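Number of protein chains: 2
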Amino acid sequence: MKKLMQATENGQRYELYSATAMPQAAAFLWNKVMMIQQNCRGYATAQFMQPEPAKYAHAPNLEAKTFMQPEQPYYAHHPGRFVYIKDENSGEIWSVPYEPVRREAQNFVFSAGQSDIRWQLTLDAGLTVEWLLTLTPDQPLELWQLTVRNDSAQSRSLSLYPYFPVGYMSWMNQSGRYDADLKAIICSSVTPYQKYPDYFKNKFLKDKTFLLAERTPDFWEVNQQHFEGQGGLHAPSAVQQPFLGCGDSDYETPACVMQYRVSLATGQTEHYRFVFGPAYDKAEVAQIRQQVFGTPESFGQIQQAYAAYVAQAVPCLVIDTPDQELNNYVNHWLARQVYYHGDVNRLTTDPQSRNYLQDNMGMSYLAPAVARQAFLTALSQQHLSGEMPDGILLHKDAELKYINQVPHTDQCVWLPVCISAYLAETNDYALLSEKVAYKDSAELHTVAEHIHRAMGWLWLKKDERCLSYIEQGDWCDPMNMVGYKGKGVSGWLSLAAAYALNVWAQICRDLNFHQQAALYQQQASEFNAAVNQYLWDGNWYGRGITDDNVVFGISKDTEGRIYLNPQSWALLSGAANSEQQQQLLKAVEQQLHTPYGVQMLAPAYTAMREDVGRVTQKYPGSAENGSVYNHAAAFYLFALYQVNQADKAYQVLKQMLPSDDPQDQLQRGQLPVFIPNYYRGAYQTLPRTAGRSSQLFNTGTVHWVYRCLVEGLFGVKGDQQGLTLAPQLPASWSKASVLRRFRGADFHIRFERVADVTAPTLWLDGVQQAELVVRNITPGQSYQLLLQLPVITSEGTV
Amino acid sequence: MKKLMQATENGQRYELYSATAMPQAAAFLWNKVMMIQQNCRGYATAQFMQPEPAKYAHAPNLEAKTFMQPEQPYYAHHPGRFVYIKDENSGEIWSVPYEPVRREAQNFVFSAGQSDIRWQLTLDAGLTVEWLLTLTPDQPLELWQLTVRNDSAQSRSLSLYPYFPVGYMSWMNQSGRYDADLKAIICSSVTPYQKYPDYFKNKFLKDKTFLLAERTPDFWEVNQQHFEGQGGLHAPSAVQQPFLGCGDSDYETPACVMQYRVSLATGQTEHYRFVFGPAYDKAEVAQIRQQVFGTPESFGQIQQAYAAYVAQAVPCLVIDTPDQELNNYVNHWLARQVYYHGDVNRLTTDPQSRNYLQDNMGMSYLAPAVARQAFLTALSQQHLSGEMPDGILLHKDAELKYINQVPHTDQCVWLPVCISAYLAETNDYALLSEKVAYKDSAELHTVAEHIHRAMGWLWLKKDERCLSYIEQGDWCDPMNMVGYKGKGVSGWLSLAAAYALNVWAQICRDLNFHQQAALYQQQASEFNAAVNQYLWDGNWYGRGITDDNVVFGISKDTEGRIYLNPQSWALLSGAANSEQQQQLLKAVEQQLHTPYGVQMLAPAYTAMREDVGRVTQKYPGSAENGSVYNHAAAFYLFALYQVNQADKAYQVLKQMLPSDDPQDQLQRGQLPVFIPNYYRGAYQTLPRTAGRSSQLFNTGTVHWVYRCLVEGLFGVKGDQQGLTLAPQLPASWSKASVLRRFRGADFHIRFERVADVTAPTLWLDGVQQAELVVRNITPGQSYQLLLQLPVITSEGTV
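Read top to bottom, the protein sequences are chains A and B. Here UniProt numbering is used: position 220 in the first sequence is 220, and no number is missing along the way. Here UniProt numbering is used: position 344 in the second sequence is 344, and no number is missing along the way.
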């Protein structure tokens, strides 16, 4: 099969060579206030914050406001960013990048970069086009540049039509006009509302959408219907005419279309630059014109500023392994995806508490000061009872929305679990002495006290068997009907509570709070014992016990027979003894492994199970219902490293990333520039769609992948002593090296399997070390480390 | 200009001859549980009740749930009902009726009938196609019939592909499969939700969408994306192949497509019948198969049953006037549109109280028993205080939604105003003695007592000047910020209160409650006096006084200088003396009249006026902001008859209906089968779009048009004596005749202007009458009436 894509420029850019083979393939850019996912064919999904997520380009009907959906379907009139190109001599019409004309270019490259998205097309012999998107660091603006070059022997007479559909803006008020002074099309609307207090809420919304051009267009059109005419989007009537009609839009669906007529001599190149985005008023558009086109250099300077903005996501790990795909992803894309989450909190004003904590766990590796502040913010919204809220409000007008209105019982778990990674990375135990108030009490208590109370809450919310109540749901699964009557319990949450208590006990020991540590450890043991008593099914752990006292996720279930999370967390919490470990690993391998990753439950439910809940109604193989839910798979990965299953872990890690194998790329429909929240599962029953990417790049997965690389695969975790080396390289790797940026110093570490070495041996700057630890780290210093490792054969260490 | 459409079969059917000239032109069908608006090109908007409005065919993205929107934009992937037709020899492809291929047929007829919608196309010489839609009386099902006929000399080899897009059903669960046993494509989904109580609410929703075929298809496709392929909707890849792929949809956007390969001999005709709609489960689809295709006659029998269902809307007026357009509309379409409102209450479970009362005022002429029950239902939700709620709940699970969550102050006005028409039509004064409870009190009181309390509420909610508080709004205008601080008053509502009190006073007199009648009349006078004191602006009445004591809707305003409603209702309430009447009529004529009707305010607002509110933010010329809002125009019409302005009234009436003039049809974009809620206004500033129809057939307008025909134009109103004749024919009519169905009898009335008659003279069965009244009406009897009228010249009566 033809190669579909490849990484270039040391993996900092991925290129796709066909618009048709993977029609869903997309890349995304973000800054502090906006996000744009740009599909290879030209379709786009963009949102910005004011403070709630808002759109400036819409579907041509009334779109529901919702959280981001997986597997978003595109269709002819979906918002996008296109350029029609007409050869004025032949009358031939293309659209760049591909939609809506769908005429194939001779060459097509969709190129996802760190801070730009670019298409390079050869339309026909001699006519090449580049279409380039960048953002600004801090405004909801898209910067577009069109470059057209004639390499043929004849001059070419062309019309170029940038086409930015704006869509159905509002049933109250929508229109569009060309403004000659600003060289801009400005579309106006009023966000619809019915209750007068909403007028004051909406008053300063950016209700205008504009397309600002550097160069004066020859003609334009603002009326979607007049533009399309009878020709339709694939052959718009207005493009078939010599000149656009220069029409307006009055309560009609607006569009931003401009026409440039240009004659290109042999070898001539022309650039056209545009800004597309929302604005409050015309004055703001004028200001943006000054900012972006004020001098000939302004546009390029902003592009550079944006590249610098993205480059803030400096990885704490730069790797060189035998696995080139892994190198590319880890060195260029993983940190970028982690940073995106911590930087903009998924473009919401009320991130789920567990997401907020985990996103900032990832941020601990890239921007620990941001993570620190986020942990304090989260704790300031904790209740005095110890209970954590379901979402963290990040804006004074923010409200809990969507799933955050449903109470979940797991939120406290994530405090020690996420903060432990921060402490390991930074050694900033001072955080635990910071004083923070509560949501319902101005009284200041230390962070440690807050976490004590959170642990107390977990210990409180259990039944007489010492199993944690699930109520309307815990992490990850919309298992909203297991325990809504108040009796049902969660096996996973009981194990997660045990793990959280153990993690917190360890931190207490670090702080020399040995009495508390002992207490928490005892509580953890009791949770573990209860899970073993009530939920061990012989070969694996059940998922929970319903309100009606029915254990589920066990061998007698025909659907939802085994869940991944309880197995992973039994490994983490210490519930599973070594025999149980072997049994459950085998059960996972037999029942949950698929060619596209590890499913979070199997077999997928095909009908509602009223004593489990909403997860059983989701489409089999999609979302949580039997999908390869990467966030769950990442915990399995983390647990595998915990129990030293290096090779198994490497296999799970590899499955999270689409590879360079064309068959795999086609199946998953995605560039390897991010890990999606899920791949479709139900591999046995729905093989046609199994492996397909959700295309959704919001996922806690990446933070755990980062933590697994640091703590597991490369074993370069921090602790109170310094940097301890404990890699778990796959047996097949004979060597690898990493740059580990840690506490201000650079560690250049080579791993080598050496035939005559029987135990890991560390060399620091050429000197053999007694322990696998580097102490007394000096910021700014560069350390050269060599870790010699035993060779592993199929029989084990030689 | 070419004729665009015409009425056929005595106006019971309207035909449009071009799919391109009026792309928005649409017709609608309804039954008790569903509504479908079918656009001439094939696009469709359909909803059914379960009990809230729901869809079974969706946009290919997540559509917002909302009340029906005006000027709905269509686009390539909008839901629709189409048939692709491929000539297997030439490879030529058409789509019926027009979208998505947009290949012009040699002949095109879109034919809106009373109980069906039909297209007749000649695709090329000899190949004709009919595509026909009917409903059933009581289920949410569409019955479609495709008839293909070969009139050419050669046999034709064709593939026929009915294509029913289903769209994006749900982010939780969606799929589609062909069921060979049922000859049906069944698409499944789960209505998305997040809170567990919603599971129980949604449990029995009809979440499946099916296409059921009478004949077994040769091939099929259920996957929208596989159907389209690279070809796109205008040239689907699957249609370009010999056979559809028989694919499934798994969490992908589903579609219902079937393929029939047929060879048509010369003169051969083939019929294909389909049912499209929602269902709860497969068993229900099987049941529907039995119902619709159980015998060869079943389908036709249901079509007949549906025709009979619609024919229940028997007009109480059948007219024969010199105005053929008016005859067609009144005899065939007006009663149908009125009946639709009263029959299904606009397909909502919480109609606005004022709408519910007015819709049933219209029903008084067609099905008085329905109206009677509705009045009792409305009063049973009145508060003991007299206050009426903002919406009437028609289902046990119904809630107040959208604008019904904003309190309005006018609801009490409509009780006497609407019930007076019912009483005039039926003489059923017994209604007033019926006993009904209150929402907040089980105590039973008579209807009369309920209305006394409603009048008391109107009298209570006024300020020290005797002007009615407007609070967050009154009828018709989203003037939500005039009085939200509690001080602002409404000129219109003060006049409406006066009118309501006068109407109720008259009914009290009819009941011999003279003391109460005098009191209400006194209160009405005080309202009128206050309006004259504070709101008469010299030539017309102002609209209100804001919280900050600013009078608006007056000559010093540059926008919203004059509002129609206060002028109309000052004529009705008696506030305007005859000099004022002349002045305000002139002001309306000068400032509000346009070629497309009377605007409800002028000049339209172009920017928010914070002391008026949301109406000022609506797009100029659209919805209420300076549009020709027909409901307001209908009250002006009613008022004009009240003050005997017959010719002016006829002009206003004529403007409500698009005429047979092609220029007018094009401008308004609508068939004359219903009156829309508005035509665009702002004629002076936005002439391009002025006159355009909202395409929205939900409007109280029609009930008032009916009342105006009965009480004004033809003057055949009932009262306690019987039938009193007082026509206000336009001067230009020398004669007219009507069949008036009234209290069980038929009145055949001829109106004739006779040169030597100076005062109206009535002949009953050839006998001249002393008064213009028919008393002692015998149900079942047929009366022959001749009313001789004076000739009117431009100087007045001769």
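If you are wondering where the hints come from, they were derived from the structure by calculation, not from laboratory data. Be aware that a few hints might be false.
Which copy is meant is left open, because identical chains are indistinguishable; a pair holds if it fits in one copy or across any two.
As the list claims (entries may be wrong) - Under the rule of at most 20 angstroms between Cα atoms (straight-line distance), these lysine to aspartate or glutamate pairs were calculated in the DMTMM-like manner:
(1) K462 with E434
(2) K65 with D198
(3) K201 with E399
(4) K401 with D198
(5) K717 with D746
(6) K183 with E297
(7) K65 with D397
(8) K201 with D611
(9) K203 with D611
(10) K586 with E52
(11) K203 with E399
(12) K717 with D397
(13) K203 with E610
(14) K401 with E63
(15) K203 with D320
(16) K648 with E325
(17) K2 with D664
(18) K32 with D611
(19) K201 with E610
(20) K3 with E92
For clarity, every value in this text was computed on a predicted model and none was experimentally measured.
Evaluated hints:
1. K462 with E434: neither (30 angstroms within a copy, 59 angstroms between copies)
2. K65 with D198: both (16 angstroms within a copy, 19 angstroms between copies)
3. K201 with E399: Within. Shortest intra-copy distance 13 angstroms satisfies the 20 angstroms Cα cut-off; inter-copy 25 angstroms does not.
4. K401 with D198: Result: close both inside a copy and across copies, 17 angstroms intra and 16 angstroms inter.
5. K717 with D746: within (14 angstroms within a copy, 96 angstroms between copies)
6. K183 with E297: So K183 and E297 pass the 20 angstroms test inside one copy only (18 angstroms; across, 65 angstroms).
7. K65 with D397: Answer is within: at 17 angstroms inside a copy they meet the 20 angstroms cutoff, but 24 angstroms across does not.
8. K201 with D611: Classified as between; 16 angstroms across copies, 41 angstroms inside a copy.
9. K203 with D611: between (46 angstroms within a copy, 14 angstroms between copies)
10. K586 with E52: Neither way: K586 and E52 sit 46 angstroms apart in one copy and 50 angstroms across, limit 20 angstroms.
11. K203 with E399: Intra 18 angstroms, inter 29 angstroms, cutoff 20 angstroms: intra-copy only.
12. K717 with D397: neither (39 angstroms within a copy, 58 angstroms between copies)
13. K203 with E610: Classified as between; 11 angstroms across copies, 45 angstroms inside a copy.
14. K401 with E63: both (18 angstroms within a copy, 19 angstroms between copies)
15. K203 with D320: neither (53 angstroms within a copy, 54 angstroms between copies)
16. K648 with E325: Cα proximity of K648 and E325: one copy only (18 angstroms, versus 81 angstroms across).
17. K2 with D664: within (12 angstroms within a copy, 59 angstroms between copies)
18. K32 with D611: This pair counts as neither: shortest intra-copy Cα distance 42 angstroms, inter-copy 36 angstroms.
19. K201 with E610: Between copies only: 13 angstroms across chains, 40 angstroms inside a chain, cut-off 20 angstroms.
20. K3 with E92: neither (29 angstroms within a copy, 36 angstroms between copies)
Against the hints set out earlier in the document, violations occur for numbers 1, 10, 12, 15, 18, 20.
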